[in-house]
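For this one, chain Z is given, so just place chain B on it according to the hints.
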Amino acid sequence: MLADAPTTAKRDRTAREQPTLEFHSVSRTLASLPVLQSIELEVECGSFVALVGPSGCGKTTLLNLAAGLAQPDEGVVLYNGVPLLKPNTNAGYLTQDDALLPWRDVLSNIALPLEVKKVDKAVRTKAARRIIQKVGLVGFEHHRPAQLSGGMRKRVSLARTLIYQPATLLLDEPFGALDAQTRMLMQNELLELTRELGLTVLLVTHDIGEAIAMADRIILLTARPARIVEVVDVSEADKRDIREEREHTLFSHIWNHLAEQSQIRG
Amino acid sequence: MGRRNEITRWRRKLAVRLTQFVIVAVLLLAWEFSPAWLLDDFLWSRPSAIYSQTLAWLARGILVGNAAITLECVLQGLLFGGLAGILLGLFAGLRPAAAELINRPIEALFAVPKIALIPLFILWFGIGVYQHVIFTSVVVFFFFFFSVYNGVRSVPVALRNALSMTGASSAQAVHILYLPASLGWMIIALRLAMPYAFVAAVSTEVIASTSGLGNLVKNSASMMNSAGMFSAMFTLLFVSMISSGLVNVLARKNRWNLEQLEE
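Residue numbers (this note's numbering), protein chains in the order written: chain Z, 1 to 266; chain B, 1001 to 1263.
Chain B with its partners taken away, still in its complex shape:
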């Protein structure tokens, strides 16, 4: 019975994958062989041209080098923004007075379209790597702040009391109870923040930079190299998909954490 279910599930999964593959293949073929009056070569390029551009750039290390720079910016942004969000979220969650003071301003800042801040950040931090990392950190900060804040607040009173009765200090309470209890929330934050971190990093690179995938996209476009632009974009797609996939694997491993707290 269970085995038959397993087989049906695999079949369905296979069918979905196959359909997706066929759709992509049809689109690529249509793109490749569409007449010039429909998709102008100059503006749209063709999959074959994008492919050879990609091979050429791969050979010269351009794609890998720029992808590494963008990825580094994303990871540093997640690290610093995440750390700041987690610390402030813990603080606000544990001290209601602090929450009252800072929650409103943080909510207000969250609502500001961050992209409008880039010119200001360029003035403050220049166009170098600092500006990219700081901007990415600011974008992901909010996800971590709100989820850790909620994680701490949703710890059942009974658990808090049980720990108080053992005479635990605040530092011990954070270490033993609040951080592990918020772990599931942090992973959700990471899942949400990951794509936004890429958006942030590439946005700053497109606006002002000397390297990175965003820079490659912009330079290709301004040199009317549409094949190069698509090649850089597909690389970006590939890198961000892999990153999100890795985070999802991590999330699945920790699913029990959240479910059991809610019970």
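Okay, chain Z solo, but in the shape it has when bound:
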């Protein structure tokens, strides 16, 4: 016990200093087209970072590297200080595509990661039911993805990501395919969830409002090949401006009406 104490303390200190995700002079070329060019990036534990850049600039490639689904041609990507050589199972990856298995119902889609980990069926069903409650899908356990709306499918895929309790979320324009109303609902819920669970988030978006409303830090990328041009810290005042624009206007009046109407969710 006593011998263990200093090591634990040391590990704690390194954990605090160690950025969750690091990119060191990362370059990537796809089909002889340079996509990323010497990217230097650090994402601290518990922070919410948004990447904003013109479409087709390589944001998705960057996230794929962070997910360990691809490898950089040059440089190195570290997760908790360890190079990522295979899919990053500590991270949840949410894309514009829901990526749900069409032949499975909501419950077994959500329980999938636990099934892969060979968790006992009763246990994983219980865990799935708990998370279904959290994302507001009670009553839809046995629906197939095709029977759900876009917003609900997004919830299912979020629930499937959260069920294995990842420390990090990688979001690739996750709400891009949703209507404005559902998108805002989902943004708020996601923000609450990430705070509650203390998640580290790397969000890719081209919606500036979304970036400001959600992130603590925004990284601006150039057109392809993507380089980082500017890192902006988002203040509470900036967030308030975005919120208030929504609150003071006719926009918010209609928004509230819609929010009331959609108690059943997107």
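Mixed in with the good hints there might be a few duds.
Taking beta-carbon pairs under 10 Å as the criterion, some of the chain Z residues facing chain B (in silico) [claimed, not checked]: (1) P87; (2) L101; (3) W103; (4) K117; (5) Y164.
Derived by calculation from the structure, the hints in this document are not laboratory data.
Everything numeric in this text was worked out from a predicted model, so none of it was measured.
For each residue, glycine too, the CB sits at the ideal point set by N, CA and C.
For chain B alone, kept in the frame of chain Z given last:
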């Protein structure tokens, strides 16, 4: 509104069936009562003679016995050929290097008229049941190989990535994602392969065999028993129609599978 549509649909269906029945009845009557100078009895037989031959053979268990032998050959061919096609299709679909290596040769073999292989198969495997089953397996193999290969290749990248992120092993990926995703394709393969399996089984039986419906057709023909030949052929028609019908029912039940993957 919906109900009226339903009724119109049923009426149309009934009209189609009735017309088909009338056409068949007219043809059968014309066949039965045609003058000898038009349809020679000896070569063409007559529906009444075919009917009594069928009854006689049914009573002696000849038709059912031979049909069972042919059907067994078809089912075993579908089983072994299907299994080989599915496994190799999965392998090629999952390993691009393997696909590059084996796709061309398989496409080339697919283009070979398989019937030309029967003499070779007889040399290799004799004229017994092995040769029939192996030949049928070879014929249906291609349908399963190509459809499972395409099924695996058409799995969206997003689904593959989502599964990778959970840390699934290759075996788990096959079980959870690739096999279910290819199920619709396999059923299409089964639909296409079923009639070809009958063609294959009967072809080998006609060329060299001691039993089966193909054997019955050939023996009847060589004994100038045209009624027996037609009786065996109609039995074949009946058995293959029932089999294809069953596969179609299966396919309809699984239609959602393919449609939703494409979405």
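For this structure, which hints from the list above don't hold up?
Violated hints: none at all, because every hint is consistent with the structure.
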